[in-house]
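From first to last, the protein sequence lines stand for chains A and B.
Just so you know, the first sequence maps onto residues 1 to 330 in the UniProt record's numbering.
Just so you know, the second sequence maps onto residues 1 to 299 in the UniProt record's numbering.
Simulated from the structure, these hints should not be mistaken for lab results.
What you are looking at is a predicted structure, and each value in this text was computed from that prediction instead of being measured.
Note that CB positions come from ideal geometry on N, CA and C, so glycine has one too.
Mixed in with the good hints there might be a few duds.
[Stated by the list, open to error] Below, in silico cross-link-like pairs of lysine to aspartate or glutamate (EDC-like), each with a Cα-Cα straight-line distance of 20 angstroms or less:
1. B/Lys181 <-> B/Glu112
2. B/Lys181 <-> A/Glu227
3. B/Lys181 <-> A/Asp315
[Stated by the list, open to error] One side only, chain A facing chain B, incomplete, derived with CB under 8 angstroms:
4. Leu6
5. Leu10
6. Val82
7. Gly136
8. Leu137
9. Leu185
10. Ser234
11. Pro236
12. Gly247
13. Val265
14. Gly269
15. Ile276
16. Leu304
[Claimed, not checked] Sample of chain B residues with no beta-carbon within 12 angstroms of chain A, all distances over it, derived:
17. Asn33
18. Arg73
19. Phe92
20. Thr127
21. Phe160
22. Arg257
23. Asp286
24. Ala290
25. Ser295
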Amino acid sequence: MTLEILQPGLQTTVQDEGRLGLYAGGMPPSGAMDKASYRMGNLLVGNPDGLASLEITYLGPEIAFRDDAVIAVTGAQMTPKVNGEPIANWRSHAVRADDVLSFGFIESGARAYLAVAGGIDVPPYDGSRSTYTLCGLGGFEGRALQAGDVVPVGTGVDGRAGLDVPVDLQPDLGGDTELRVVVGLASYRLQPESLETFLTADWTVTPDANRVGYRFRGAELHFVEREQPAGAGSDPANVVDFGYPIGSIQIPGGVEPIALLADAVTGGGYATIATIISTDLDRIGQSKTNDHVRFREVTLEDALEARHQARARLDRVRALLTDSQEHAIG
Amino acid sequence: MTTAEERVGTRYSFGGDEWILVELAEAMSVGVNMRSLAICRRLEALALDGVIDICPANASYLVRLDPDTIHPRALEERLRELEAEVGDASDFHLQTRIIDVPILWDDPWTRETVKRFADRHQTPELTNIEFAAEINGFPTTDAFRDAVFGTPFLATMLGFVPGLVWGYQLVPPERQIEVPKYVRPRTDTPERAFSWGGAFTAVYPVRGAGGYQLLGMCATPFFDSRRRLPDFHDRDWFFRAGDIMRYREVDRAEFDRIRAAVEDETFRYPLAEVEFVPQRWYDDPDGTAAALERSLDDA
Chain A
1 MTLEILQPGL
11 QTTVQDEGRL
21 GLYAGGMPPS
31 GAMDKASYRM
41 GNLLVGNPDG
51 LASLEITYLG
61 PEIAFRDDAV
71 IAVTGAQMTP
81 KVNGEPIANW
91 RSHAVRADDV
101 LSFGFIESGA
111 RAYLAVAGGI
121 DVPPYDGSRS
131 TYTLCGLGGF
141 EGRALQAGDV
151 VPVGTGVDGR
161 AGLDVPVDLQ
171 PDLGGDTELR
181 VVVGLASYRL
191 QPESLETFLT
201 ADWTVTPDAN
211 RVGYRFRGAE
221 LHFVEREQPA
231 GAGSDPANVV
241 DFGYPIGSIQ
251 IPGGVEPIAL
261 LADAVTGGGY
271 ATIATIISTD
281 LDRIGQSKTN
291 DHVRFREVTL
301 EDALEARHQA
311 RARLDRVRAL
321 LTDSQEHAIG
Chain B
1 MTTAEERVGT
11 RYSFGGDEWI
21 LVELAEAMSV
31 GVNMRSLAIC
41 RRLEALALDG
51 VIDICPANAS
61 YLVRLDPDTI
71 HPRALEERLR
81 ELEAEVGDAS
91 DFHLQTRIID
101 VPILWDDPWT
111 RETVKRFADR
121 HQTPELTNIE
131 FAAEINGFPT
141 TDAFRDAVFG
151 TPFLATMLGF
161 VPGLVWGYQL
171 VPPERQIEVP
181 KYVRPRTDTP
191 ERAFSWGGAF
201 TAVYPVRGAG
211 GYQLLGMCAT
221 PFFDSRRRLP
231 DFHDRDWFFR
241 AGDIMRYREV
251 DRAEFDRIRA
261 AVEDETFRYP
271 LAEVEFVPQR
281 WYDDPDGTAA
291 ALERSLDDA
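Chain A on its own, in the form it takes in the complex (with noise of 0.2 angstroms):
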């Protein structure tokens, strides 16, 4: 099974839950950017947890399915359209051989998910279908998607068309959001005031924000002066290059502060002060230039339980979809 790649958007790339354990030697797990949103896309379509999808980030492509196909179109809401007919988001759909699946203006959020039965079947690389694009590695081909590429998907699964995942499981789509963090790593380089302004000021999305990191603009901080010890260098917003947690928000030169995601840079030697937890990870991925976020710092358990919370409803979405197959199949 094969779809065809008719235009590409603004970046669609290939992705799963990344590339784990190579961090020691630098590489950055990758991976989709809203976890609930790309796995509910796989439950919709009736794949095994992993299985790939497309991210579609901004702005949507123009897909030929070559095959028939079940389809689901999870994340950011850009009213997916097939053969120019609108289709419900949060649905499966059965689409033939030969319809197009195209996109109109982005509405809501930043990244959308195209699940297929079957999963996008590209070679992993070190355990993982993602794309790092930086280093031109996984993938499809180690870059986004272009017009004319002709995609492989999986066989093997029996997608059923027609269901849904209700509202109310639905995760939030990023716009002017609230990211939970946990204060630390070197925040002790901040002055005090300074992290207090960084917990309250209201912070804009800038232009520069992609799966590397997002920058952010909205107030100055200052670091506390000291003589800087061996290695730091001489910048008072340095430290001994360390590692760089996925998530965690380092401010160079005190202004602009930069939260590290998917791609990330793995370590260098500015201080990090917060890392967002790992369940606003998808909440970030959904919010773009110019969206207004702010901080707010949460406890390792407030974190923990948000984590808990978030694959409770995984799970229901889960036993609803899974419910639902068992009864077609059955």
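Place chain B on chain A using the hints.
Leaving out everything else, chain B in the frame of chain A:
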């Protein structure tokens, strides 16, 4: 050697629900890097369920965990125990490799890049080499070059991008070279450029932006996503934290010979398995470094 006073400063910190950063000290030293490595190697040996990544760094280390499998606070407790067990790491023996890294000093490609981005440099009228030599008080650039090639380097950390290795020279603190980074980073750096920024060397694994001072060109790759060379058959990168790198100056003829071997996929990094005993190095840094290099030359 690390003092007890410095150890008081260890900071354990949660990076959200999936990460623990352990900052062993704020200042860089061989001693603190040995402690990081010693803890990380013990942690690897434990093979705890739920530990996804163990990333040694210069004066710290970073762990990624799956909180559904192991509670972050339980892992933090375990890490604190490991820190206590390792202590000042003076009894730690690092089983490692010393690896030959051929460098063409003051090569035409980085020289061209230095010229192209002179407007982003502190002293546009000097080459990066002249600047680094002067700011570290070397009487000539040759004296600076001799210092760079005179003693091997510890691979203290990998990261930023895949395969980038931070190198920290195995000399006592008073002989450590420190070089400021560019005022504004370059937007382009050739692949395999050999560079120095802050207290660390780096070879740029891929072409891209960069702020380190450019000193030369490495003949051999640090990253290969196509995994063509035998040393890269298993992974995109060859070096690991804890390796010892001997940067060796080569002339253009040898550089071209090595490039040809890389191109026809026959090149392998010359190396020797060695044991690095921190205490021995604290007692006699120069003698220990020379012995390490002899192991490589005899291999």
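Outcome of the hint check:
no., hint, in the structure
1, B/Lys181 <-> B/Glu112, "18 angstroms, holds"
2, B/Lys181 <-> A/Glu227, "18 angstroms, holds"
3, B/Lys181 <-> A/Asp315, "49 angstroms, violated"
4, Leu6, "29 angstroms, violated"
5, Leu10, "22 angstroms, violated"
6, Val82, "36 angstroms, violated"
7, Gly136, "6 angstroms, holds"
8, Leu137, "4 angstroms, holds"
9, Leu185, "5 angstroms, holds"
10, Ser234, "6 angstroms, holds"
11, Pro236, "13 angstroms, violated"
12, Gly247, "5 angstroms, holds"
13, Val265, "5 angstroms, holds"
14, Gly269, "7 angstroms, holds"
15, Ile276, "6 angstroms, holds"
16, Leu304, "5 angstroms, holds"
17, Asn33, "10 angstroms, violated"
18, Arg73, "7 angstroms, violated"
19, Phe92, "19 angstroms, holds"
20, Thr127, "21 angstroms, holds"
21, Phe160, "5 angstroms, violated"
22, Arg257, "28 angstroms, holds"
23, Asp286, "20 angstroms, holds"
24, Ala290, "24 angstroms, holds"
25, Ser295, "25 angstroms, holds"
Violated hints for the displayed structure, listed by number in ascending order: 3, 4, 5, 6, 11, 17, 18 and 21.
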